[in-house]
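Peer 1: Chain residues, written in single-letter form:
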Amino acid sequence: MYDAIIFLYQVVFSISLFILISTGLAVIFGMMKVINLAQGEFIMLGAYFALLGEVMGLPFILSALLAMIGVGLFGVLVERLLIRFLYGRLTDTLLATWGLSLLMIGAVTTFLGPQVAGVSVETGRIAVGELYSVSVYNLYIILVAFAALASCWALWRYTRFGMIARAVMANPGMTSALGVDCHKYYMLTFGIGSALSGLAGAMLAPIVGTQPTMGGLYVAQAFVSVITGGELPFLGTLLAGGLFGTTNGVLSYAYSQVIGEIGVFLIAIVLLRFLPHGMTSQKGRAQ
Amino acid sequence: MTSKLSTIEIATLILLALASVAILAVPQFAGLSLQLDLSIIFVYAILALSMGFMWGQVGMMSFGQTVFFGIGGYSYAIFALNTGDTTTAMLLAVLLPMIVAALLGYFIIYGGINDIYFAVITMVATIALEKAVRATSDPRIKIGDVKLQGQNGISALPDLKVPWNPSETLFVTEVYYLIFIAMLLVTAGYSLLLRARIGRVLVGIRENEQRVALLGYDPRRYKLLIFIISGGVAGLAGGLYAVWGNFVAPEMMNLNSSASVVINVLVGGKASLLGPLVGTGIVQSLTSWLGSAGVGQVNLVLGLILIAAVQIFPQGVVPMISAICKWCLGHLASVAQPSRRTSTSMTGEKQ
Chain H
2 MYDAIIFLYQ
12 VVFSISLFIL
22 ISTGLAVIFG
32 MMKVINLAQG
42 EFIMLGAYFA
52 LLGEVMGLPF
62 ILSALLAMIG
72 VGLFGVLVER
82 LLIRFLYGRL
92 TDTLLATWGL
102 SLLMIGAVTT
112 FLGPQVAGVS
122 VETGRIAVGE
132 LYSVSVYNLY
142 IILVAFAALA
152 SCWALWRYTR
162 FGMIARAVMA
172 NPGMTSALGV
182 DCHKYYMLTF
192 GIGSALSGLA
202 GAMLAPIVGT
212 QPTMGGLYVA
222 QAFVSVITGG
232 ELPFLGTLLA
242 GGLFGTTNGV
252 LSYAYSQVIG
262 EIGVFLIAIV
272 LLRFLPHGMT
282 SQKGRAQ
Chain F
47 MTSKLSTIEI
57 ATLILLALAS
67 VAILAVPQFA
77 GLSLQLDLSI
87 IFVYAILALS
97 MGFMWGQVGM
107 MSFGQTVFFG
117 IGGYSYAIFA
127 LNTGDTTTAM
137 LLAVLLPMIV
147 AALLGYFIIY
157 GGINDIYFAV
167 ITMVATIALE
177 KAVRATSDPR
187 IKIGDVKLQG
197 QNGISALPDL
207 KVPWNPSETL
217 FVTEVYYLIF
227 IAMLLVTAGY
237 SLLLRARIGR
247 VLVGIRENEQ
257 RVALLGYDPR
267 RYKLLIFIIS
277 GGVAGLAGGL
287 YAVWGNFVAP
297 EMMNLNSSAS
307 VVINVLVGGK
317 ASLLGPLVGT
327 GIVQSLTSWL
337 GSAGVGQVNL
347 VLGLILIAAV
357 QIFPQGVVPM
367 ISAICKWCLG
377 HLASVAQPSR
387 RTSTSMTGEK
397 Q
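Respectively, the protein sequence lines represent chains H and F.
Positions 2 to 288 (the working numbering) are the ones given, in order, by the first sequence.
Positions 47 to 397 (the working numbering) are the ones given, in order, by the second sequence.
In short, the hints are calculated from the structure, not lab data.
Where is the CB? At the ideal position from N, CA and C, for every residue including glycine.
Please note that the accuracy of each hint is not assured.
[Unchecked claim] Where chain F lies over chain H, by a calculated footprint (3+ residues, C-beta under 8 Å):
{"#": "1", "stretch": "80-93"}
{"#": "2", "stretch": "99-110"}
{"#": "3", "stretch": "233-246"}
[Stated by the list, open to error] Residues from chain F shown here face chain H by an in silico Cβ test under 8 Å; the list is partial:
{"#": "4", "residue": "Gly-158"}
{"#": "5", "residue": "Tyr-163"}
{"#": "6", "residue": "Ala-165"}
{"#": "7", "residue": "Ala-174"}
{"#": "8", "residue": "Leu-301"}
{"#": "9", "residue": "Ser-303"}
{"#": "10", "residue": "Val-308"}
{"#": "11", "residue": "Leu-332"}
{"#": "12", "residue": "Leu-336"}
{"#": "13", "residue": "Gly-337"}
{"#": "14", "residue": "Ala-339"}
{"#": "15", "residue": "Gln-343"}
{"#": "16", "residue": "Leu-346"}
{"#": "17", "residue": "Leu-348"}
{"#": "18", "residue": "Val-356"}
{"#": "19", "residue": "Ile-358"}
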């Protein structure tokens with residue numbers, strides 16, 4: 002019984018990690034079609050903001066907020082200085098953000114050093130049966146991941162901002178002809194995607210610590226989720242996160258974490274062979 | 047089939063011949079350290095070529111050529127350490143990556159993953175492989191008698207032996223010549239491939255895949271074929287890397303190495319085969335000079351180069367140089383024969 006609960010908890014936790022890591026990219030890549038290879042470094046930056054918050058003596062919840070705002074503003078800056086010139090040039094965007102990713106790793110290593118630093122949060126544990134216990138913090142992560150994805154979806158689905166943003170992404174020419182300042186919406190959307198990555202970084206910091214190169218671990222998982230998710234970014238992220246989180250959770254539980262990660266990659270490759278447009282593809286559906 | 051060579055092509059060939067002579071003469075007057083430095087540049091140039099050919103000529107963005115580079119290196123390391131037979135090890139370093147490329151390529155290419163998605167998936171492949179290799183630090187994990195040793199890599203690999211005389215091993219200078227000749231052969235091979243019928247189909251795929259398909263060619267087959275060939279070339283580079291340093295490590299396949307391959311190609315320019323070679327020369331010399339000058343974080347510099355290359359000279363250095371040469375030649379020609387000027391400028395638009 003308790004075995005089953007712990008197993009289920011592992012799987013749900015693993016799913017929520019995937020969702021947490023991928024939501025920012027679902028906005029930036031899924032909505033805006035901007036291939037942001039520096040997404041992992043945005044997460045890294047978020048983790049460092051959480052560390053900064055701890056050094057400043059803030060409670061963790063404020064540190065996470067700081068990370069969201071800090072990385073969100075950084076994202077806006079990046080959009081203004083780099084991405085804005087490259088809309089519609091997918092390859093160049095990919096290359097420029099790759100450059101940005103290397104630049105950020107280099108800069109953080111130079112100024113803050115290559116070592117791993119930890120962020121500590123006191124939350125305690127809940128006992129499950131006599132043998133197991135579950136960290137309360139991990140339960141918070143599950144909560145935050147699903148809340149972030151759901152609020153993103155709601156923002157795009159039900160608010161005026163979301164409606165106009167979707168219109169801008171679908172047809173910028175037509176939307177600007179209706180008097181909408183498209184640049185503003187690109188900037189804000191990119192900022193929101195960045196802020197979500199910052200939040201992810203802050204939430205991950207207490208589990209994995211902070212390190213300049215940590216982003217490389219997450220950028221792969223995020224891209225795999227969003228690409229296999231397909232055309233509906235949020236539903237796709239949920240489905241892909243569910244599939245890969247389950248795979249990863251089960252394989253990690255049974256073998257090791259690395260086998261879990263490799264398993265995810267192999268499943269993604271095979272899946273894309275048969276569903277090249279992702280799990281939420283609209284192609285072939287009756288109009 | 048072969049058209050008459052233009053002035054610019056003749057000039058390029060003469061320059062290349064001069065460069066080759068200079069490179070072959072290096073061991074006569076320079077020490078071992080320069081030979082080692084140049085050798086590794088040639089290794090990276092082969093790797094860059096395997097990527098640049100697909101990107102520039104076929105339009106396939108394989109940003110994970112380091113997968114095959116790494117597998118090539120590890121194949122050489124594991125087989126050579128197990129058996130001592132370095133010739134077969136080198137053959138395996140080419141063959142095994144080709145098999146992996148066939149498997150990976152089948153799923154990606156026949157799944158219809160194109161353009162940017164191709165780039166991302168191949169990149170993810172290299173991250174996944176690096177992680178897998180890093181996770182082998184447990185001393186019980188071994189292939190044959192060789193421990194994989196995770197992130198420490200495998201060191202003390204045997205030197206390359208002369209195939210027909212296994213008691214004799216190749217030293218730095220011979221390895222230098224070998225790697226240089228391998229680079230020339232790979233360049234020549236790609237350039238012949240481009241001039242052959244299959245090369246026309248590949249360029250056709252770059253220009254308009256659908257039209258090529260309508261003409262009766264199956265683009266997927268050709269793309270898979272070139273993916274396998276380039277996988278083998280990258281594997282060869284990996285094997286040569288292992289010979290060069292007597293060492294392989296997971297760093298061969300991490301995101302930084304695959305980034306530096308892309309940067310090499312991008313800086314040189316992907317339109318010609320010369321681009322990746324020149325780009326590798328420039329970027330690698332620059333980074334090793336910066337490294338020795340104590341700038342510290344090479345990442346920082348690579349990142350800046352990459353952003354600058356995309357924003358300022360997306361075509362690369364080689365087309366820029368050849369445009370300048372063409373302009374100079376055009377002027378010379380117009381001074382000599384004023385009437386020819388219009389015809390050169392009309393046929394001069396090749397890029």
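Peer 1: Work down the list of hints and note, for each, if the structure agrees.
Peer 2: These are the hints, each one checked on the structure:
Counting residues of the stretch 80-93 of chain H whose C-beta lies closer than 8 Å to any C-beta of chain F gives 6; at least three are required, and the coverage claim holds. With a threshold of 8 Å between beta carbons, the proposed coverage of the stretch 99-110 of chain H by chain F holds, since 11 of its residues qualify and at least three are required. Only residues whose C-beta sits within less than 8 Å of a C-beta in chain F count toward coverage, and the stretch 233-246 of chain H has 0 of them, not enough to reach three; the restraint is violated. About 4 Å separates the beta-carbon of F:Gly-158 from the nearest beta-carbon of chain H, less than 8 Å, and the hint is met.
Hint on F:Tyr-163 holds. Least Cβ distance to chain H is approximately 6 Å, under the 8 Å limit. With a cut of 8 Å, the hint placing F:Ala-165 at the interface with chain H holds, because the nearest CB-to-CB distance is about 6 Å. Because the beta carbon of F:Ala-174 sits about 4 Å from the nearest beta carbon in chain H, less than 8 Å, this interface hint is met. The beta carbon of F:Leu-301 is positioned within 8 Å of a beta carbon in chain H (closest approach about 5 Å), and the interface hint is therefore held.
Because the smallest distance between the Cβ of F:Ser-303 and any Cβ of chain H comes to about 12 Å, over 8 Å, the interface hint for this residue is violated. Hint status for F:Val-308: holds, given a least beta-carbon distance of 7 Å to chain H, under 8 Å. Violation of the interface hint for F:Leu-332 is found here, the shortest Cβ-Cβ separation to chain H being roughly 14 Å, above the 8 Å cut-off. Interface hint at F:Leu-336: violated, since its Cβ lies 11 Å from the closest Cβ of chain H, which is beyond the 8 Å cut-off.
With its C-beta approaching chain H no nearer than about 13 Å, F:Gly-337 sits outside the 8 Å limit, and its interface hint is violated. Using the Cβ-Cβ criterion of 8 Å, the hint placing F:Ala-339 at the interface with chain H is not satisfied: the shortest such distance is roughly 15 Å. For F:Gln-343, the suggested interface contact is upheld, since its CB lies about 4 Å from the closest CB of chain H, less than 8 Å. For F:Leu-346, the interface hint holds, since its Cβ comes within 8 Å of a Cβ in chain H; the closest pair sits about 3 Å apart.
Look at F:Leu-348: its Cβ gets to within about 5 Å of chain H, closer than 8 Å, so that hint holds up. Of the supplied interface hints, the one on F:Val-356 holds, with its beta-carbon coming within about 5 Å of a beta-carbon of chain H, less than 8 Å. For F:Ile-358, the interface hint is violated, since its Cβ never comes within 8 Å of a Cβ in chain H; the closest pair sits about 11 Å apart.
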